[in-house]
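*Asks:* Construct the entire structure; sequences and hints are all you get.
Protein chains: 2
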Amino acid sequence: MIYEEKTVSSQEIYQGKIVTLKVDKVTLPDGKQAERELVLHPGGVGVVAVDEDGSVILVRQFRKPLEDAIYEIPAGKLDKGEDHRLCGIRELAEETGYRAEEFVYLGYIYPSPGFTDEVTHIYLATGLSQGECHPDEDEYLDVVRMPFEDAVTMVMENKINDAKTVAGILKAKNMLG
Amino acid sequence: MIYEEKTVSSQEIYQGKIVTLKVDKVTLPDGKQAERELVLHPGGVGVVAVDEDGSVILVRQFRKPLEDAIYEIPAGKLDKGEDHRLCGIRELAEETGYRAEEFVYLGYIYPSPGFTDEVTHIYLATGLSQGECHPDEDEYLDVVRMPFEDAVTMVMENKINDAKTVAGILKAKNMLG
Chain A
70 MIYEEKTVSS QEIYQGKIVT LKVDKVTLPD GKQAERELVL HPGGVGVVAV
120 DEDGSVILVR QFRKPLEDAI YEIPAGKLDK GEDHRLCGIR ELAEETGYRA
170 EEFVYLGYIY PSPGFTDEVT HIYLATGLSQ GECHPDEDEY LDVVRMPFED
220 AVTMVMENKI NDAKTVAGIL KAKNMLG
Chain B
70 MIYEEKTVSS QEIYQGKIVT LKVDKVTLPD GKQAERELVL HPGGVGVVAV
120 DEDGSVILVR QFRKPLEDAI YEIPAGKLDK GEDHRLCGIR ELAEETGYRA
170 EEFVYLGYIY PSPGFTDEVT HIYLATGLSQ GECHPDEDEY LDVVRMPFED
220 AVTMVMENKI NDAKTVAGIL KAKNMLG
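Sequence lines, in order, name chains A and B. Start counting the first sequence at 70; every next residue gets the next number (the numbering used here). Start counting the second sequence at 70; every next residue gets the next number (the numbering used here).
No false leads were mixed into what you were given.
Which copy is meant is left open, because identical chains are indistinguishable; a pair holds if it fits in one copy or across any two.
Below, a list of computed lysine to aspartate or glutamate pairs in the DMTMM-like style, where the Cα atoms sit at most 20 Å apart: (1) 133 - 81; (2) 228 - 186; (3) 242 - 218; (4) 133 - 74; (5) 75 - 211; (6) 242 - 219; (7) 146 - 186; (8) 75 - 208; (9) 91 - 81; (10) 91 - 186; (11) 75 - 137; (12) 133 - 93; (13) 94 - 136; (14) 242 - 120; (15) 86 - 74; (16) 94 - 73; (17) 242 - 226; (18) 242 - 122; (19) 94 - 208; (20) 101 - 208; (21) 86 - 186; (22) 86 - 205; (23) 75 - 99; (24) 101 - 136.
Bear in mind the hints are in silico, worked out from the structure with no lab data behind them. Computed from a prediction, not measured in an experiment: that's the story for all the values here.
*Replies:* So this is what it looks like as structure tokens:
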């Protein structure tokens, strides 16, 4: 039986540019109360872009929380009210310069449902053509092109670890057979 | 070329039971400064547990940030200094009552590297036997057993959306063939 946690009170701790932190008091099924720390996030879109040669376009980007640069599919945050398909098209072009003829929805993931409402939509993009790229002002990244099967191997060998990238590549692999 | 973001200053905004929020000022390669909102998280472990009949053991749990109950592999947070294999064994037993003869490491994911340092390790557990389960005091969940292939179908049909569960099930699928 699935129960709900009713909100008794909600306190906003911090509103940043990207995340908002709230602490909610909730009532549990046994009547007791518990606290829930909630990080609100606008959500985003990631794109598994595969070219005519069967190569996938990844980006390598420094991530401050990890103090490391990791491989990811091109991705970005949703602007307020933005359609997630259009966001995917925009982010793919901004980060890599690629445009795609076909955009197929691979579904969404909840990166970490224990503490954040973040939702990441994932698309498979094919029929690529290259234009110029225009990353955001404070975004520095390398575009890396590799055979799709090499990316699958890197996922399986624990060398690609970003959740949306693991989910996107393995979903695409399972779909494409 | 991969660059780094040097920390100029770091401010702790909030220290909760689960997450800590920090805002860091960093220097970019062009010398300009930018702010990074960082959510520190202890990390966790998820377990893809498959029994002799080829069924996978999932849990369905209400997640306050989503205001919804979703399917997930059994999982939990790492205690400070805890070995992640032992954490997986502990969480599987606590949440589902199952113990496993074999625990195989499937790798780790970064759920959302743009803003959090959270790392989730994933194991494949087989050779299951059932004992009693002892969920945490404020944890209410349903244990759901279903054919492993049905779980793969639910992932592909966008009915299972939790990142560690999508990653774990598709990695296990790819490994088991």
